[in-house]
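Novice: Okay, here's what each chain looks like letter by letter:
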Amino acid sequence: MNDQNQAFSILIAEDDSDNCVLVQTAFRQVDMPYNLYSVSDGHELLNFLRNQGRYLDSDAAPRPDLVLLDLNMPRKDGRQALAEMKADPNLRGIPVVVLSNSGLQEDILHTYDLGGAGYIIKPPTLEGMVEVVKVLNQYWFEVVELTESDHVKNGREARSV
Amino acid sequence: MFNNAKPVTFLIAEDDPDDRLLINEAFQESLISNSVFFVEDGVELMDYLNRQGRYADPAVAPTPDLILLDLNMPRKDGREALAEIKSDPRLRYIPVVVLTTSKAEEDIMRSYDIGAASYITKPVTFDGLVEAIKGFKQYWVQIVCLPANETVNE
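As given, the protein sequences belong to chains V and U, one line each in that order.
Per the working numbering, the very first residue in the first sequence carries number 1; after that it's consecutive.
Per the working numbering, the very first residue in the second sequence carries number 1; after that it's consecutive.
Hint data in this document are derived by calculation from the structure and do not stem from the laboratory.
Ideal placement from N, C-alpha and C gives every residue a C-beta, glycine not left out.
List of simulated lysine-lysine pairs, DSBU-like, C-alpha gap at most 35 Å: (1) V:K86 to U:K86; (2) V:K134 to U:K86; (3) V:K122 to U:K137; (4) V:K76 to U:K86; (5) U:K122 to V:K134; (6) V:K122 to U:K103; (7) V:K122 to U:K86.
A short, non-exhaustive set of chain U residues, derived as facing chain V with CB atoms under 7 Å: (8) E105; (9) I108; (10) D113; (11) G115; (12) S118; (13) I120; (14) C145; (15) P147; (16) A148.
Go ahead and model the full structure; you've got the sequences and the hints to work with.
Specialist: Okay, structure coming up:
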């Protein structure tokens, strides 16, 4: 079980702003402290994760505990971004859950083949998205152990001084 | 709400016979019925996945949709088996969830690094285990899409 006092950081990669708002609204309905971040294409996603481009400040762009990844995004799509994340030794430990409109078997298989930790077809309604977010919250932040995130490590080190 | 009515086949690698019993019972407790197969160590796990020896018949050893993996097992431990599975192009698409007693940060980090989909520390009580399995199934069986095995076994 994870320490209930820590705020989890979730990075959402989604090009459609309405969908992004839907996901964020759904998370707000769950009673957990979250830090939600969003990027709108694969290129920005990698910049965020590597603290490059306009994400140089690691306080503003901390290492997320979980990435929610749309597949179809401009500039660099989710498939390519996932491949890059999992090929990068600094990033591949971050769980990535695909949240996509695509129901194609090849997209599902390819996601797992690349190392995705789940594939969810985007529910079209807020109600449906809240259901998904509740289960995501319960699974990833209550059932599962995650790699100790940087802010927890930093907090622990600060307290021990 | 979600129509993942297709039954999911789980393969559980667990060396402790009491834990196997408890896990099986925890699976039965939740109302979603699935197929659950057990192996007792990492060698059996790889034999099962590679259809070796007594696992040659796919009817006896169907390809699992998901693997639950203990780390500490004799003969071949879960860490080694996980590395083998995730480096095999025929097997690496199968999600592997570590379910083990270890809470060590090193084990957690390395498991994700090697390609485990998730890491669950075995709850110490049966009720805790039932809760964990329930949460695990809600995610993997109810909301997540898993690859359909028909397209993979070509």
